[in-house]
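Protein chains in written order, with the numbering used here: chain R, 1 to 327; chain Z, 1 to 317.
Honestly, the hints are just simulated from the structure, not real lab data.
Remember, predicted model here, so these are calculated numbers, not experimental data.
Result set (DSS-like, lysine-lysine): computed pairs, CA atoms no more than 27 angstroms apart in a straight line:
hint, chain 1, residue 1, chain 2, residue 2
1, Z, K151, Z, K258
2, Z, K241, Z, K303
3, R, K128, R, K192
4, Z, K55, Z, K303
5, Z, K85, Z, K40
6, Z, K276, Z, K85
7, Z, K151, R, K282
8, R, K264, R, K297
9, Z, K276, R, K128
10, R, K128, Z, K40
11, R, K128, Z, K37
12, Z, K40, Z, K276
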Amino acid sequence: MTDTTTSTPTVNTVLGPVSADELGVVAVHEALLSVVPGAEHAYDITMDRAEIFEILAGKLRDFRAHGGGTIVDSTGMFHGRDVNLYEALSRSTGVHIVASTGMGPEEMLGGYFLTPQTNPPTPWPAEKFADLFTKEIAEGMVVPRVERRGAAGLVASTATAEGMTATDESLFRGAARTALNTGVPVSIRYGKDALGDLGVVLDEQLPADRIVVGGLDRRDAAAAGAPLEVAQRGAFVALDHVGLDDDAYLTDRERALLVLDLVKAGHGNRILLSSNAIGVAKGQPDYDLPFSYVVSKFVPFAKSQGLSDEDARRILVDNPRDLLTLR
Amino acid sequence: MSRINTVLGPISAEELGLVAIHEHIGYGMPGSELDTKWWKTPEERYEETVPKLRKFHENGGGTFVDATGICNGRDIDYYKSLSRKTGVHIVACTGFVGGDTALPHFARASVDYLARQFIHEITDGIGDTGSKAGVIKVGVSRGGRMTELDKRIYRAAARAAVATGVPILTHLAIDARPAIDIFNEEGLPLDRVLFGHVDDGVNAESTPDTWIIEQGGRLGFDTFGYETELPDPPFWARPRKDRMDHFLRFVQGGHADKVLASADANCSPLGWPGVKGHTVNYIFEVLIPDLRNNGVDEETINKIFVENAADFLSIRN
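I would like the entire structure built from these sequences, with the hints used as guidance.
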């Protein structure tokens with residue numbers, strides 16, 4: 001491991017590198033402006049930037065008022081990411097915003113990556129994705145066809161729900177290589193098989209503690225014991241649908257018990273909590289759970305069930321700091 | 001009253017002049033905007049584009065039909081500025097180059113939703129530009145077989161064409177049977193459809209061109225200039241003489257009223273290198289002289305580039 005004692009550990013935010021100790025309470029898997037690719041061209045969807053800003057600023061201020069310090073927009077580079085907007089929001093609200101690069105699953109990609117103008121139209125391999133994503137950290141995130149801005153703080157990808165496709169695998173491997181090239185962490189949302197999908201990233205020789213696996217509060221994953229196994233492999237376990245009332249996911253009560261089980265098993269340093277809330281949704285249903293829900297509602301409930309103050313702080317502050325700190 | 005939607009508003013068919021029926025100001029696959037290797041400054045874009053359009057105008061070109069689909073870098077405000085400054089009428093399209101260029105929001109949509117999108121862009125306007133689409137673009141995805149999504153787009157386009165009177169341009173005419181079945185089922189007369197790229201090097205041999213004409217469709221010989229004689233030809237290139245012979249079989253075989261021609265060039269490509277030296281002005285510099293050399297008279301040339309185009313583009317109510 002790199003010796004980090006000689007320089008201050010930092011995290012890439014949209015306003016530049018920030019000392020890792022300044023992050024405070026972090027929500028690692030959230031969406032600020034989330035636009036289904038193509039929806040920006042839809043006849044029945046309007047994009048009023050002033051209105052979008054106002055809604056997001058209100059939600060970020062609420063997050064801050066409840067003790068939140070940093071929001072990670074983990075939607076990648078092709079799902080409505082708007083770096084200029086996020087810079088203005090961060091300046092205005094005082095909340096640190098970490099934006100992400102990456103893409104996925106395959107269905108969400110543009111044809112440029114899937115059916116390129118070559119004969120035959122071979123989909124992009126891992127190395128090309130690695131190059132595209134690495135530049136978003138080394139040279140800055142793109143404002144399409146206009147400019148590059150600050151560096152991404154995370155590389156995120158998602159596998160197809162029915163199971164990882166060949167292009168999903170290229171995306172995961174490209175994300176892992178990006179992390180190795182740049183020192184940012186990787187976020188994966190698994191498709192059908194949490195451990196199998198994690199294995200693809202580990203196969204690239206990325207240390208497990210540079211990886212967060214999202215969606216581990218899905219009922220099928222929890223029933224199969226995936227959260228514990230992911231923690232045992234050394235990756236971060238994101239229980240990141242806090243507040244969601246949906247048959248596919250655990251209830252908050254079950255989620256809290258899972259947190260306690262993981263702590264009891266000695267994995268308190270691997271747990272992350274987030275809600276996958278959507279600040280402003282375009283081309284998809286709203287999901288406007290407050291970004292503050294984890295800290296204001298869920299954690300007090302988990303404490304009532306036996307979570308210690310020390311472990312709560314570790315989960316909300318220390319673990320995401322360790323994940324996001326550039327290596 | 002004849003009427004064609006251009007980006008600067010409707011014009012009469014008499015004003016179209018010579019029409020380049022299938023061209024691109026700039027084309028890029030969706031997602032190419034994320035890859036800085038293709039980026040150019042706005043200055044470079046105008047520098048690459050304006051002289052070509054000015055030359056088109058000076059050559060006697062009247063109207064440039066941009067066949068760049070919704071997710072391929074279509075940029076109406078830019079087209080408006082180009083049209084206003086060069087005097088070239090620009091017709092923009094609604095629709096998609098093919099299913100594989102429709103982004104998820106549209107790839108997941110129903111026929112009904114897609115039809116409403118197209119109709120809105122034709123009757124109300126494209127985004128907040130106020131400009132109305134003058135043609136509908138559809139196409140066959142890579143692989144040469146119509147996908148389920150391609151068919152959904154074709155059906156939506158057919159409904160929008162029936163509802164608005166605007167014609168349809170296709171990218172590729174291979175696998176034409178399912179396309180024609182859809183148009184027939186939706187009650188769209190086939191002379192409202194230009195089956196494009198019947199001349200391209202990859203698919204020409206297996207495109208049922210004669211059958212399409214027999215059904216009542218129009219044929220687009222609209223990749224003129226993508227020739228194997230080029231120093232670095234694209235994979236869809238074809239020997240110049242093969243293409244011309246193919247075209248002449250229809251022009252001189254009694255179908256001059258059913259064909260249109262164009263160069264499918266990019267003024268300034270958005271997400272691919274483009275083909276150096278290939279521009280819309282190939283029509284004047286090579287194609288029309290070649291037609292004359294092959295004995296095609298001025299009346300027929302006028303029919304192909306002016307009369308057929310006007311008949312096809314005029315909104316039919």
